[in-house]
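Participant: In order, the protein sequences belong to chains A and B.
Each number in my numbering corresponds to the 1-based position in the first sequence with 44 added.
Each number in my numbering corresponds to the 1-based position in the second sequence with 604 added.
Warning: the hint list may mix true and false statements.
[Claimed, not checked] Pairwise CB distance ranges (calculated):
| # | chain 1 | residue 1 | chain 2 | residue 2 | range |
| --- | --- | --- | --- | --- | --- |
| 1 | B | Asn811 | A | Arg247 | 49 to 55 Å |
| 2 | B | Gly927 | A | Ala196 | 40 to 46 Å |
| 3 | A | Ala196 | B | Ser1154 | 46 to 52 Å |
Hint data in this document are derived by calculation from the structure and do not stem from the laboratory.
For every residue, glycine included, the Cβ atom is placed at its ideal position computed from N, Cα and C.
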Amino acid sequence: MATLTRPPRPVLDVSHTPTVVFGNRSIIWWGQWGMMAIEGTMFAIFIATYFFLRTRETDWPPGFALPAMKWGSINLVILVLSCIPNAMIKRKAEKGQLQAVRLGLIVMVVIAIVNCGIRALEFPSLNCVWDGNAYGSATWTLLGFHTFHLVADTLDSLVLTVIMFATPIEGRRYQDVSINAIYWYFIVVTWAATYLVIYWAPRWV
Amino acid sequence: MTPVEQAGTASVVEVDSLQRLEQTWKDPGGFWGWFTHVNHRSIGKRFMVTAFAFFLAGGVLAALMRLQLSRPENHFLGPDLYNQIFTMHGSTMMFLFAVPMMFEALAVYLVPLMVGNRNICFPRLNAYSYYIYLFGGLLLYAGFFTNTGPDVGWFAYVPLSGPDFTPGKRADIWAQMITFTELSALAVAIEVICTTFKMRAPGMSLNRIPLFVWAQTIVAFMVIFAMPAVMLSSTMLLLDRTVNTHFYNPAEGGDAILYQHLFWFFGHPEVYIIFIPGTGIVSTIISTFSRRRIFGYTAILLSMVGTAFVGFGLWVHHMFATGLPQMGESFFTAASLMVVIATGTQVFCWLVTMWTGKVVLKSPMLFALAFFFIFIMGGLTGVLMASVPVDLQIHDTFFIVAHFHYVLIGGAVFPLFAALYYWMPKITGRLLNEAAAKWHFWLFFIGFNLTFFPMHILGLRGMPRRIYTYPSAMPWRNLNLLASTGAVLMTVAVLIFIVNFFWHVKHGEIAGNNPWGAATLEWATTSPPPVYNFAELPTVNGRDALWDASPQQPIVTGLDDDCRQVLMTHVMDADPDHRDEFPGPTPIPIIAAIATSIFFIGTIFTAKAFFPGIILTGIALLIWYWPKRQASLRRRKREIWQR
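Whole structure, please, built from the sequences with the hints as guidance.
Facilitator: Here it is, written out as structure tokens:
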């Protein structure tokens, strides 16, 4: 073996360090939080926009009936309850328990699909149209923006579930499941805020 | 330095191991290979070249405007073309040059080297963000060359840019170009934060991070909280224009001022996003060319953080002329004046560094010193304008044009040229010609002041901005001619730089590892760096890594060389945490970028493009995400789980 000689130097051997880590040790955790910071800022700015537009009107909602509460509220209950299996799947993933993770993913995908189905019923129950006035535009866009995230995470979970059944399992997949669970919390938290704005703001402010 | 344990000694470098590293980290050559690169230096150079090309394009547009304004009642350009040209100039310089160059290009190329690692975090996302930026820029220029260039100013205020006053596709192209460029910047922001926080060389604790890396990290945070505002405001503009929403339509409960709030909530931080990298460059160069450590590291760092925070509380000072409540205006005046404290602190730290050091006047240092002069002048006129009565007097006049060119060219372009002269030897391995650099510097400096100083006076004499010509009876003639003459000098200066660049690639003096005797880690490796950046990953013993290194400074071993394994360290103290594996060359970023572009560009023309576009993008992301069997199996065999 060819070698180059040079004066001996002390070394820092890192070969014993782990390759599978969770939480704030892993880079995808940081990447995911970066993305949630961006998306969260968008939600915050859009909600600020909603209330800015509120100040331009005397009546709220202006010229439309109040949004019907039923489907949005049901979705909120489902999403809040879904935090329980979500917490379990995150813990199981970080322990590397394959069967529990597979089962949990299926449960989460079913929940997410139910959410999407109910979401489709929410749009007509807004009782306004997007091109009617600024209130309608803001309400539709805010709900659309959350739906975009909900559908994205549903597909994400679905793909992840397929991957967990169809490809060789390695530590990274458990990292993905853990991160996906964090993203689901983001969906829940942003829905709570969005729900309050869309359904309660017209009644309160 | 406790975290580095000394586990053994090495006395030989295995050539085989280096060859394996080379094999592992090399990106393929050839035409098709070019589209698969994920190396941060390769992508960083593309950002630099592309952003510089847009800088030249924006410069040509500026020259055309100066030609038009050089004499009264000139009909070289018509009003419509002139509107397009000043809009294109502003949009190009802000969105396609300043941010991509000062933040994306420099951060992507330099941050991984300066923290001593082998690639940037999320390399495929990095490549994707480059293509997205490129396609956004090409979209804007495709519009311009087909007489569909935006003509509503670089901030595209409604109602002018709304569906009633700008039919056609001009404003839509502008709005979607914003989405492209901001998406690109947001992606790079995440990469930079993760790289700085998780990928530093062992020993580089938070209080030892080079100020340039801190600057880019602070900017990355600003990007995350500022850019969403403009993506939203321009998307809402697009919705108003394409699917009849009413966000900005006062007749249906919308509001035009809302647009200005959202735009400037981004737009003011944007200014700091552009110049904080500049201050990072200046801190680095002043330390190197004063031959001493930077004075007041902590003070400078806190000043940058302070500037970043305060930068989010100033946006209304762009809107004093819109008739807001006086109480609000007073608040924003006070907040605007606060920036002076943070910026002043930095300036005094630099002055002390030079005062107590031994200044070497090489070209990077000249440009850094010019930054002082010009940026401080721009800052001073900025303080004037923070006062509401003054602002109302000079709003929308050439005084504003003079002010922001002093701030932006002083705060970004001068530091950029300083950075190019300083780091080019690292990038190409050769030094630029110093005599030509001095010509470049003096012509650019004099030309700049000739061009923009008279604009202060023109503004005070009442010349409004964005007029395509003016009657000869106005007292503006001579000063405009002077400004146009200055533009000629600036053009010559930039041409000298370009010639110097092409000359140095073949004939420049060989630089060696560390031509300036600088302190940061990028100078520890060869120029240009090998594909794996560092043959042996470095460790760090102090704030100035190379100046503080002990003769027995340990090196990192134990990383696999048959895959792109990188070392991750703990956030606070940067002791070794774990090893992660980065992806190799792949065409997936450009495929995903093309899919995204079809989605974005399609929705300009019809809302029906939304669902096909998003499905296409989703498919591309699915391919991106799908695990590669071979790599999975290999990783599984060597897996060590955290305890």
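Participant: Next step is simple, just say for each hint if it's right about the structure.
Facilitator: Do the hints match the structure? See the list:
{"no.": "1", "hint": "B:Asn811 x A:Arg247: 49 to 55 Å", "verdict": "holds, 51 Å"}
{"no.": "2", "hint": "B:Gly927 x A:Ala196: 40 to 46 Å", "verdict": "holds, 41 Å"}
{"no.": "3", "hint": "A:Ala196 x B:Ser1154: 46 to 52 Å", "verdict": "holds, 50 Å"}
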